[in-house]
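In the order they appear, the protein sequences are chains C and B.
The first sequence finishes on residue 502 if you use my numbering, and the numbering steps up by one all the way, no holes.
The second sequence finishes on residue 502 if you use my numbering, and the numbering steps up by one all the way, no holes.
It should be emphasised that the hints constitute simulated quantities derived from the structure, not laboratory data.
Errors might be hidden in some of the hints.
When chains are identical, the list treats them as one kind, so a pair holds in a single copy or across two.
Stated by the list, open to error - Below, simulated DSS-like cross-link-like pairs (lysine-lysine); rule was C-alpha separation at most 30 Å, straight line:
id, residue 1, residue 2
1, Lys3, Lys451
2, Lys262, Lys328
3, Lys237, Lys133
4, Lys194, Lys453
5, Lys193, Lys166
6, Lys133, Lys408
7, Lys85, Lys133
8, Lys106, Lys328
9, Lys328, Lys193
10, Lys398, Lys246
11, Lys501, Lys453
12, Lys283, Lys451
13, Lys283, Lys328
14, Lys133, Lys13
15, Lys194, Lys166
16, Lys283, Lys224
17, Lys133, Lys193
18, Lys398, Lys408
19, Lys194, Lys500
20, Lys398, Lys166
21, Lys481, Lys453
22, Lys3, Lys132
23, Lys124, Lys500
24, Lys453, Lys106
25, Lys328, Lys481
Number of protein chains: 2
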Amino acid sequence: MSKLSDYLPPDFKPFVSSDAYKQKQRRLISEKEQSQSVVFLHSVSEVFDALNLHDGMTFSFHHHLRNGDKVIGLIGEEVHRRGLKDMTFAASSLFPNHASLVDLIKEGNVSGIIANYANGPVAKAISMGLLKKPFIMDTHGGRARAIESGDLMIDVAFIASPAVDKAGNGTGRFGPSACGTLGYAIPDLHYAKKVVLISDYQMDHIEEAELNHRYVDYVVMVDKIGDSEGIVSGTTKVTRDPVGRKIARDTVMVLDKLGLIKEGFSMQTGAGGISLAVVEYVKDLMIRQNIRARFASGGITGQYVLMHEQGLVETLYDVQCFDLRAAKSYRENRRHVAISASEYGNPFEPSPIVDQLDFVVLGATEIDLNFNVNVTTDSLGEIIGGSGGHADTAHGAKVTVVVTNLLKARLPIIKEHVTTLTTPGSDIDILVTERGIAVNPIRIDLMNQLKQKGIQIVKIEDLMQLSYQIAGVPKTLSHEKTIIGYVRYRDGSIIDVLYKKM
Amino acid sequence: MSKLSDYLPPDFKPFVSSDAYKQKQRRLISEKEQSQSVVFLHSVSEVFDALNLHDGMTFSFHHHLRNGDKVIGLIGEEVHRRGLKDMTFAASSLFPNHASLVDLIKEGNVSGIIANYANGPVAKAISMGLLKKPFIMDTHGGRARAIESGDLMIDVAFIASPAVDKAGNGTGRFGPSACGTLGYAIPDLHYAKKVVLISDYQMDHIEEAELNHRYVDYVVMVDKIGDSEGIVSGTTKVTRDPVGRKIARDTVMVLDKLGLIKEGFSMQTGAGGISLAVVEYVKDLMIRQNIRARFASGGITGQYVLMHEQGLVETLYDVQCFDLRAAKSYRENRRHVAISASEYGNPFEPSPIVDQLDFVVLGATEIDLNFNVNVTTDSLGEIIGGSGGHADTAHGAKVTVVVTNLLKARLPIIKEHVTTLTTPGSDIDILVTERGIAVNPIRIDLMNQLKQKGIQIVKIEDLMQLSYQIAGVPKTLSHEKTIIGYVRYRDGSIIDVLYKKM
């Protein structure tokens, strides 16, 4: 019998055996796959050696490991050890566990900080005026805009990645520090000059990875990127306080009367106790009236996961998983969809999720007679939070409701003027308190609708006076006039300044 | 009161209003986002004008719309209209509805065809010797290898995309021609010189899109890319034939005796009636013995979806959805994972899914005394199919079982020599027929294991003789010795030639 090779043109090779190819592999890099291959290293020190680092650079970080993040600390330690100076740390948020940064600020290793939210010792140090450069506070969508527009140029993004694979892809789904979606890291991944994934868990292959290796320059394996205690709370708790529950009930009543809870609607709420109670009441109403929502967005909680799994909410658009049930759902439910910070709230995105919201329910540290909201500082001007997605969703949603008790810790929440402006009153439509519901006068349409339905509306001024009668008129703050930072609105303009704390 | 702008450094702009940004947007292209932006066009003719086309080019296509695909026809029509000559059409598979290609072959517009599977008028025309250049038949994994290694250079990939968004991302999840995963299109997307998505359904934004806009040059909107009747069968049918069911039962018995159906195992089966019955019996066994599988792979069917949703199969690795239930599941279940042809079966991939299979159950058109399998031609040498994933999974799986009736249409399936070699016998371990179970002598380990468990093994020669007794000895084919094509093994070598049909 003639051999196969007798029949073949010279450039065709005959079959040898089914694993002959294992000796000689070859694979081209396509024209569109230009990025150099990923380099794997085994310590932060090695990657500092590999990167061409110098004073004055900008490093970025995400906050998906929240109060359990160890990556900012690891990088800070190495910056300190090497005596790098005048670095800017651009973290999507800073938490109490990032306390080690305070020393770096004091010693001049870190002279600039940019964040959407800051709480804990670093925030306190900044408020005390220790940071050399002005502190910049973005919104979640605004940070994506800043990165993508070039306002925030990142030299190196150090991205905590709960799992990585051999090709250099990363995911938040697996590993001991699994935290769910990684939405806030995506602009950094796409736009930083160099991208380093920091991980403590390696897999063979990750499919549908959030962090695509084509953007990754280095992967660094370390012992531990996170402390599971601090990453996600095991459960989020609905308020049992009768006052909070009344506010939640009234909020849902108002939303219902406005016709916002109807087939195919969309919603976002925070993870505060009242907001969680709002979701409970919305859910009851949906079941009673056989209504299904098109989507819920935001930091997704276990409550929404249950609603999704019960068929009440079609899609969960999730930039950040708020609890363990959400992280688990993201591993299992296809319509629990990871979105980037840009897809979530970047004002330059053609149709970000926030613009598709029918309503959002938000909190407030202070709200003033113009419905301006402060969630950035306390009434003494100390930084205790930040916009996060507050200004993004307030602007995007058709109706924005702020829920709050009239007093917190015996202090009136309604002020003549907010101490710090986070979200402009023009984007806040309704305030629901336990003593009455106020509607922003620029929303005459909503006011008329509610009046027609027999809902009693009060003036925000009257609510303020009521709280003054209970708690007294708060003293006006005569703050020291040293500017220590700026509140940057989502479009890149400055909406307010931050002062040094007295 | 002093204005905010009084406090701002000159390069900071004060807040104006929350939608002031809408007047002037800006967005940089990151260094890693080098690809030019996607151009949207509204006819195939426009994209032919835009591309710098000439005779002799290679166009590629995927087969996810199967017998409902209209894209190959649309492109062929335009090639014909413009009188382009000597084009090569590299389609992952060709179906009966691609009949219009026959005229293009006859008129010299198309002189080369490359496919992993071909059935219908085009296959017949090729078998008749009408194609000018040799027909190349790859495996599913081998096609990915060919593209990524440069053996198959694609000038333009025309990718049918059931939905596209405004940025130029594409998905198979949505739209009137939704077909599920698009695994066979991914190598084309990444490696073709130019990529054109052809779609009939536009959405605002697609999250987690299979087809990333960064690889896309053009999107062309047309009236209809597919005919839903032909895209996916509504249901896949388990055989009710008692002979088929006996084969399936015996197969599962053998797999069980070999200890392959144990906690954490992995499997693949085809969509033929016997294979589907195998899955039924595997499922029964799993429930009885409380066993969970790590994954099932392949073209995923509704059967596997049910098993996944019942918690019996942890992950579905799906390169192509075989029915409507699978397409729906892919929209809903996170662990119903889309994989590319490379991730599925590319021999150059470090750990393709096929290499992780504990067992695969496959069919055969012919199997010979060396356990070589033919699923490419009938016994007269006419092309009626092709490897698809046959040779890929047979090589990768720890145990490969071929299931078949001894006779089909009164013709013996076991031959002395297969007419065409698709999958080498060295990768086929066990043959299960209604008249006995044969084990490949190179797998003495399996033979001993089964004998120890009291399973009767027969020689494949005896099974052949038995079928000869029933149906007579088949005449030897003295085929005309004109080569019209080559069967290319997954590693790029030629495993057999295709002859012109007598």
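Self-check item: Violated constraints from the hint list, given by number and in increasing order
Solution: 1, 3, 4, 6, 8, 9, 11, 16, 19, 21, 24, 25
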